[in-house]
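Q: Generate coordinates for the entire structure from the input sequences, incorporating the hints supplied.
Protein chains in written order, with this note's numbering: chain U, 1 to 434; chain H, 1 to 342.
For the record, the hints were derived by calculation from the structure and aren't laboratory data.
Every value quoted in this text rests on a predicted model; they were computed, and no experiment measured them.
Each hint should be verified, as a subset may be incorrect.
Claimed, not checked - Calculated cross-link-like contacts (lysine-lysine; reagent style DSS-like; alpha-carbon spacing at most 30 Å):
#1 U:K429 to H:K105
#2 U:K41 to H:K113
#3 U:K354 to H:K113
#4 H:K105 to H:K328
#5 U:K119 to H:K255
#6 H:K37 to U:K428
#7 U:K388 to H:K146
#8 U:K122 to H:K146
#9 U:K122 to H:K105
#10 U:K428 to H:K198
#11 H:K113 to U:K429
#12 H:K113 to U:K425
#13 H:K328 to U:K343
#14 U:K215 to H:K105
#15 H:K328 to U:K354
#16 U:K119 to H:K146
#17 H:K37 to U:K119
#18 U:K119 to H:K198
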Amino acid sequence: MDVLLLSRLQFAVATFFHFLFVPLTLGLSVLVAIMETRYVKTGDETYLKMTRFWGKLFLINFVIGIVTGITLEFQFGTNWSRYSAFMGDIFGSLLAIEALGFFFLESTLIGVWLFGWRKISKGAHAIVMWLVAFASTGSAVWILTANAWMQHPVGYVIRNGRAELESFAAVALNKTGILMILHTISAAYILSAFFVMGISAYHLLKKQHVAFFTKSFRLALVFGLIFSLFEIWEGHLHGRDLAENQPTKLAAMESHWETSRNAPIYFFAFPDEAKEKNSTAIGPLPGMLSLLAFHRSDAEVKGLKDYPRDERPPVLISFGAFRLMVVLGFYFALVTLWGWFKKNRLVESPRYLKLMLFSLPLPYIAAELGWILAEMGRQPWIVYGLMKTRDAVSPLATSQVTVTLVAFILLYGFLGAVGYFLIIKNAKKGPVAD
Amino acid sequence: MDLQAIWFFLWVLLWAVYFVTDGFDLGIGSLLLILGKNNEEKRIMYNAMGPLWDGNEVWLLTAGGVTFAAFPLVYAVMFSSLYSALMLILFALIIRGVSLEFRNKVANPRWQKLWDTCLFVGSLVPALLFGVAFANIFRGIPIDAKGVYHGTLFTLLNPYGLLGGVLFLLLFLVHGSIWLAVKSEGALHERGSEMAQKLWPALLTVAVVFLIASGFSTQIYDNYLAHPLLFVFILITVLALFCIKVFLVKGSYWKAWFSSAITIVGATFYGFIGLFPTMFPSSLNPDYNLTAYNASSSSLTLTIMLVLALIFVPIVLAYQFWAYKLFKGKITREDLAYEEAY
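A: Next comes the structure, spelled out in structure tokens:
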């Protein structure tokens with residue numbers, strides 16, 4: 001294996017692992033803040049217990065997200081130095097805003113929240129959690145804005161052999177970025193809702209701490225329902241943006257080879273990348289792709305064959321990741337809608353509870369699939385249309401990256417095992433008895 | 001001063017603040033197995049950094065982010081050429097961070113011993129390697145015109161680099177011991193204070209050797225000799241170093257800690273004042289040096305970032321100061337009884 005492939009694998013390992021924890025941080029911080037606010041407003045001790053219990057799981061998850069985030073920031077320099085030199089003028093300032101404006105706030109206040117129970121007033125303590133939630137979302141906003149620039153570069157000028165900032169506003173208000181932010185944060189909220197519902201379902205099935213977990217479940221259900229529905233509409237907007245700004249990704253995720261009007265959508269297809277066609281294609285819906293992408297069924301949608309072979313993303317992976325993500329997205333909306341009608345008799349609905357317990361990992365899968373599509377679908381570009389991934393990698397020795405890749409896998413494997421062991425252990429234990 | 005010079009010194013300042021804030025965490029972690037004689041004492045040491053370590057570590061992230069943003073070429077070359085050392089630091093910081101959160105989650109001595117070891121290694125390795133890395137930067141790194149590194153991890157482990165490693169380690173150990181004395185009572189407090197006093201002569205010796213060795217191994221005195229007024233910075237640093245001892249003897253631990261903080265800031269600036277405007281010198285050919293002028297971002301980016309820094313850094317400092325004040329009290333046995341304690 002060469003340095004390029006090893007570095008890509010290493011970045012993939014680091015990102016996937018980091019993103020197992022970040023979405024829950026984003027969503028659960030909001031849920032815990034809501035719980036604590038209700039405690040402050042109503043004085044109901046159940047909400048305090050909820051804050052404590054879900055807060056504990058939040059913190060175990062949080063620390064892994066934090067420590068794995070630092071390696072990501074530094075990997076741009078260690079493994080992708082040519083890329084860093086090329087677009088540091090744009091990317092770096094976004095990262096700096098993220099750190100100075102938000103990450104500091106999040107990391108400083110989480111310590112205050114954790115250790116400050118008796119040091120500050122109840123109200124202030126709840127506000128601190130809201131600020132943690134605000135700051136973690138703010139962090140995500142700027143990181144995603146940076147990623148959006150790689151998907152759809154704007155506001156730059158090529159000067160001195162690198163991309164230099166021309167309009168900060170254009171970079172900060174990149175439409176692709178705004179869509180990615182809405183999409184990713186909604187996904188994080190859905191994931192967190194399913195996390196809370198799944199664990200609550202576990203206890204409700206055992207008929208323990210019923211009042212506590214019914215309250216938790218209902219709160220998460222409302223949250224999950226709203227964002228699952230929102231995500232479907234938002235995902236559609238995303239597709240339209242791709243049609244405009246990343247046509248190769250759109251063509252790959254729909255396995256669309258020939259430029260055509262009335263472009264179809266397939267329920268299922270198996271692309272044959274060598275022969276440049278689908279070896280199997282089931283259930284084409286004629287005109288559907290044109291309609292979704294351009295709101296006109298006779299609109300022309302560019303096919304993969306219009307692009308040179310070495311500028312096409314991997315089709316099977318893009319197509320598969322997209323299909324599965326969409327199916328899961330609709331599933332989340334359906335089961336939360338169903339839950340809406342079950343919410344007053346949860347304990348009497350063991351089948352529904354079981355479904356929700358086993359659905360807990362699904363949003364994690366959907367979130368990772370989303371990143372596979374976003375990043376693999378952009379290939380061979382690291383910055384769409386501007387810089388290819390193979391031109392971005394650092395001049396390192398194969399041995400160096402091999403060693404660190406193995407170290408990453410071992411360390412993260414260990415960390416993941418311990419982290420989930422602790423989360424599961426504390427989740428099963430339930431709230432601390434009085 | 002122009003934008004590049006301003007950012008050069010802000011960049012050094014960010015690293016210095018990182019070393020001051022996280023430095024005592026790294027020091028306490030490195031001393032955990034020596035000073036913490038039993039489980040309770042070890043837990044007090046964990047909780048002495050409890051609410052603060054995470055916020056402290058963000059200074060590292062910011063220093064990295066600012067390197068990326070203000071000097072992309074330095075970021076690219078520095079981080080890829082110091083690849084192995086930096087990866088070791090990152091892995092160490094990962095296991096350090098989770099040790100704090102995980103240790104007290106399971107009441108099993110073997111589990112706790114595992115995380116104590118992780119905290120120790122995860123603190124000692126960065127403390128040492130940061131010093132090795134910075135001393136090597138002062139000395140010059142074998143990079144060619146394209147910024148490609150011609151060496152291995154062991155190239156960095158030259159005598160001057162190792163001396164820098166020992167210097168940083170001692171600075172952090174003293175800094176951590178004093179913090180422990182500030183934050184604890186009784187026997188642990190005594191041991192922290194004694195450790196700081198025991199390490200102080202060693203720190204002084206290594207610091208003096210480092211100042212002399214820098215004359216032979218680096219060119220950093222060129223700037224000082226050209227502008228002799230700059231020697232005042234070294235003087236202040238050395239004075240602060242002596243103040244540590246004075247305040248330790250007097251039992252004024254907060255003052256000793258601030259003196260130690262100033263010493264760390266001084267040690268970080270010492271080399272870069274000498275290097276200015278070079279940020280990452282090449283040992284192969286001075287023409288390959290990366291400087292604040294040939295490696296910086298565009299003026300627009302530097303200006304935007306300066307505005308942002310002027311707005312946000314005071315805010316960050318204000319709420320971090322508030323957090324430090326909130327948790328300035330000593331960790332007691334009662335604190336350990338709370339559910340959330342580490």
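Q: So, for every hint listed, does it hold in this structure?
A: The hints, checked one at a time:
no. : hint             : in the structure
1   : U:K429 to H:K105 : 12 Å, holds
2   : U:K41 to H:K113  : 42 Å, violated
3   : U:K354 to H:K113 : 38 Å, violated
4   : H:K105 to H:K328 : 25 Å, holds
5   : U:K119 to H:K255 : 24 Å, holds
6   : H:K37 to U:K428  : 34 Å, violated
7   : U:K388 to H:K146 : 19 Å, holds
8   : U:K122 to H:K146 : 57 Å, violated
9   : U:K122 to H:K105 : 25 Å, holds
10  : U:K428 to H:K198 : 48 Å, violated
11  : H:K113 to U:K429 : 24 Å, holds
12  : H:K113 to U:K425 : 20 Å, holds
13  : H:K328 to U:K343 : 47 Å, violated
14  : U:K215 to H:K105 : 26 Å, holds
15  : H:K328 to U:K354 : 48 Å, violated
16  : U:K119 to H:K146 : 54 Å, violated
17  : H:K37 to U:K119  : 29 Å, holds
18  : U:K119 to H:K198 : 35 Å, violated
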